[in-house]
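Undergrad: Sequence order for the protein chains is F and L.
Note that this note's numbering has the first sequence beginning at 1, numbered continuously upward.
Note that this note's numbering has the second sequence beginning at 507, numbered continuously upward.
Keep in mind that a hint or two might mislead.
[Unchecked claim] List of simulated lysine to any residue pairs, SDA-like, C-alpha gap at most 20 Å:
no.	chain 1	residue 1	chain 2	residue 2
1	F	K401	L	N528
2	F	K401	L	T601
3	F	K432	F	T308
4	F	K496	L	N738
In short, the hints are calculated from the structure, not lab data.
Each chain is listed here by its residues.
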Amino acid sequence: MIRALVFLLVCVLNHSVSGQEFAADVTTVPVQKPIVIGSKSFNEGRLLGEILAQRLELAGFTVTRKFGLAGTLIAFEALRGAEIDLYSEYTGTLSQVILKLEDKAPKIDEMNRLLAKDQLQMLGSFGFNNTYAISLKESQAIELGITKLSELKTHPQLRMAFSHEFLNREDGWPGLNKTYQIGGKPTGIEHALAYQAIDEGKTDITDAYSTDGDLARYHLAVLEDDKGYFPEYFAAPLVRSDLPVGAIEALGSLAGRMDDDRMRALNAEVVIEGKSFAEVAQKFLKDEGLGESTIAENELWQNLITNTITHLELTAIALTLGCLFGLSTGILVFRSQNISRVVVYIAGLLQTIPSLALLALMIPLFGIGKEPAIIALFLYSILPILRNTITALVTIDPVLKRVAEAIGLTRRQQLWHILLPLAMPNILAGVKTAAVISIGTATLAAFVGAGGLGEPIITGLNLNNTDLILQGAIPAACLAILVELLFEYLERLLVKPHMLQGQLPQ
Amino acid sequence: MADASVDLLNIVKSYGDQTVVNDVSLQLAGDLTTALVGESGSGKSTLLQIINGLVVPDSGRIKLNGEFLDYDNIAMLRRTMGYAVQGGGLFPHLTVEENVTLMARIEKWSTIEIADRYRYLLDLLELPLEFSSRYPHSLSGGQQQRVSLCRAMMLNPRLMLLDEPFSALDPITRATIHHEFIRLQAAESRSILLVTHDMAEAIKLAQYLVILKDGQIVQQGKLEDVSNAPANDYVKRLFQIRNEAYPND
């Protein structure tokens, strides 16, 4: 939630609203088993995903789109686990990150030999090389007179902010620094925000993709890789080998149809002209003579309702599980101080795992989609509920506990008639905290293909489209407020007013 | 009503190095009010909680009505022992009526039985029926204490265990409740064990005295006997302090 709000704030402050609509992730009614297409969360990945999807639809297949997966590992693991049937990957990423090869110009045939054991293969490349590029403002490059990466080390005053993935990948900053001896301490930044940060002079240098539509939009110069450091990143469909032959042929027909300029132009149509992924993909396929696909009308309210319902579903299921588990565990352990401490400690540890990391950890266990998201949200909801339950039960006036026992209530009766009602305000507060956290964190569920209000937020961030971000952020904020109100009502229903003000008898 | 008998033999209870109850033997029988008198730390409250099983002694045996205290069935046994504490110990989330009738409802008494007993007790302790729907926090200390006595007597217990029930009250309120307590003893005779640090209260309300110091019984006996022949200077002193505080009693 905080993350989302910060992004929102940055975008609202820095950018005019562009009137563009969100491309619906269309799910057609499955005739036979639909082909599931994934994509990573950045724009080019989504656009290629959409092109692949429409190509398959034109070839008569039913497809399901699971776009916006967060990062290479999530997408690849989803593919390997047959959660998705294909997504668009880059040769360099496949070679370095997944297959751990040293090769800077990997051959698809060679990699396919290694992929065969996982029943995977990479099809023919689209034709463009979207390698990493290090970019800075054109004006600044001219002023300083730098055109090559090897000149960078003579300008230590330049501030660097790289995307998190680039900062940590062996073929990213660590290798780049080794090759060019640049030095300095780059900071991490969300890729979608980096260009704006440069535009506003908050930083000077960032990593870019050479086919980024944003390069033209923000008037950025790309420094020449004069030592040939960056490997090749040709994009190609990475597919499961058990796809129908017809599908593989249809996808193969896209090979070699885009060079760098073509891809940059397509990206720019999305980022600068504000067209939807579906529109751009449709136009591309038509221009290539591959047929004209029909794209569903983008229904703002329909999307809003679908996303909100999904969001509520994720939160409600996770919270119910969290309540059941947190309450029962709290009740079981509160009489032992030592066990309580251990249990709260473990729940606290879960809370310290960053939400995206936790979501990623769930993928090998539960695949992608709603399950991992629900499990992750459930794990996050445990701590506030459990801790409040234990604290509330432990801190009840010992005299009242003694009296409850002494007048002849059994343990269960003590719990039901005395302890739980007395602990109720505190327990409810814990559940409320968990609910609000869940609603915020559930926006990240879109990264693992679970949908929800995070869907428009993530797409909007990538497109720098405030409208889209607001389509997710506003309903999410409304839900959070609604939850507050709901719990106020519940409190009034379950707790006597004087118990809320802490007015206990002397 | 049948009397309750309590029989304690060689009871010892320690917390860490500190022995709170040190080899106490005590027999109580008959519808008497027995006062357990002692200063704080004398072990009097612990002794009370040993009788209703809230505290388990390290050694010694406890018989209740001729039978060893059955800890497996302790909740049921406690329902035969009324219990009230300093401050009342009323449950803040329950109304006056809910507090008093809680155990009767759990014991599945009929609505009529509950209503009859409840009205009788409220009347006995001069509590207006309008208090029924009020919550404890809106009552005065004395009113809360009376409600707490009603609760202790609701199930008609043979034995009442009262742990300094009147200590937190101001002197005037305390005098009034003492008066009602005496009326209550007359109305429903039963065995009452009253823990108090106040000798004046003990003299006023009890017929039998047990004087405790440092976890041991210093003297026990009928009120007149102890008063006429204090066993040692400590007991003598307790009576003196009482006389200084209430010279006109």
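Undergrad: A separate judgement is required for each hint: does it hold in the structure or not?
TA: Now for the hints, and whether the structure bears them out:
For the suggested pair K401/F and N528/L, the alpha carbons sit about 27 Å apart, so the restraint of at most 20 Å is broken. About 17 Å separates the Cα atoms of K401/F and T601/L, which keeps this hinted pair within 20 Å; it holds. Our distance criterion of 20 Å between C-alpha atoms is met by K432/F and T308/F, whose separation comes to about 19 Å. Our distance criterion of 20 Å between C-alpha atoms is broken by K496/F and N738/L, whose separation comes to about 54 Å.
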